[in-house]
Amino acid sequence: MGYVLGIFGLFIFTKGIKPTLEFINKTTEKELVKFFGLMATFATLIFYVWMLFNFLSK
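Residue numbers (the numbering used here): 1 to 58.
If you're looking for bench data, these hints aren't it; they were derived computationally from the structure.
With a Cα cut of at most 27 Å, we get these calculated DSS-like pairs of lysine-lysine:
hint, residue 1, residue 2
1, Lys-34, Lys-18
2, Lys-34, Lys-15
3, Lys-30, Lys-15
4, Lys-26, Lys-15
5, Lys-30, Lys-18
Pair by pair, the computed Cβ-Cβ distance ranges are:
hint, residue 1, residue 2, range
6, Phe-13, Asn-54, 12 to 22 Å
7, Leu-38, Leu-10, 16 to 26 Å
8, Leu-32, Phe-11, 17 to 27 Å
9, Gly-16, Met-51, 11 to 21 Å
The beta-carbon is built from N, C-alpha and C at its ideal position, and this holds for glycine as well.
Sequences are here, hints too, so could you generate the full structure?
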(Lines of atoms letter the chains of each structure in order from A; the text may use other names.)
(Lines give C-alpha, C1' and ligand atoms only; values in the text may rest on other atoms or scores of the structure.)
Protein backbone atom coordinates (compact mmCIF):
# COMPACT_ATOMS: atom_id res chain seq x y z
CA MET A 1 0.00 0.00 0.00
CA GLY A 2 2.94 2.29 0.62
CA TYR A 3 4.02 2.05 -3.02
CA VAL A 4 0.55 2.98 -4.24
CA LEU A 5 0.33 5.95 -1.88
CA GLY A 6 3.85 7.00 -2.82
CA ILE A 7 3.15 6.97 -6.56
CA PHE A 8 -0.23 8.67 -6.12
CA GLY A 9 1.50 11.22 -3.89
CA LEU A 10 4.01 12.05 -6.59
CA PHE A 11 1.12 12.65 -8.99
CA ILE A 12 -0.58 14.87 -6.42
CA PHE A 13 2.54 16.87 -5.64
CA THR A 14 3.48 17.39 -9.29
CA LYS A 15 0.00 18.42 -10.40
CA GLY A 16 -1.36 19.83 -7.14
CA ILE A 17 -4.27 18.70 -5.00
CA LYS A 18 -7.01 20.74 -6.67
CA PRO A 19 -6.19 19.72 -10.28
CA THR A 20 -5.94 16.08 -9.16
CA LEU A 21 -9.41 16.17 -7.60
CA GLU A 22 -10.78 17.95 -10.68
CA PHE A 23 -9.23 15.24 -12.90
CA ILE A 24 -10.89 12.50 -10.83
CA ASN A 25 -14.24 14.32 -10.97
CA LYS A 26 -14.02 14.83 -14.76
CA THR A 27 -13.07 11.27 -15.60
CA THR A 28 -16.01 9.67 -13.85
CA GLU A 29 -19.62 10.44 -13.09
CA LYS A 30 -19.96 7.92 -10.29
CA GLU A 31 -20.10 9.42 -6.82
CA LEU A 32 -18.53 6.34 -5.22
CA VAL A 33 -15.37 6.68 -7.33
CA LYS A 34 -15.18 10.40 -6.50
CA PHE A 35 -15.43 9.52 -2.80
CA PHE A 36 -12.61 6.97 -3.07
CA GLY A 37 -10.51 9.48 -5.00
CA LEU A 38 -10.98 12.02 -2.23
CA MET A 39 -10.18 9.43 0.42
CA ALA A 40 -7.06 8.33 -1.50
CA THR A 41 -5.91 11.95 -1.67
CA PHE A 42 -6.28 12.42 2.07
CA ALA A 43 -4.70 9.04 2.81
CA THR A 44 -1.74 9.99 0.63
CA LEU A 45 -1.27 13.30 2.40
CA ILE A 46 -1.47 11.63 5.82
CA PHE A 47 1.00 8.97 4.64
CA TYR A 48 3.50 11.58 3.48
CA VAL A 49 3.19 13.59 6.72
CA TRP A 50 3.59 10.42 8.81
CA MET A 51 6.66 9.35 6.84
CA LEU A 52 8.13 12.86 7.17
CA PHE A 53 7.77 12.82 10.96
CA ASN A 54 9.03 9.26 11.12
CA PHE A 55 12.12 10.19 9.10
CA LEU A 56 12.81 13.37 11.05
CA SER A 57 12.42 11.68 14.43
CA LYS A 58 15.24 9.26 13.63
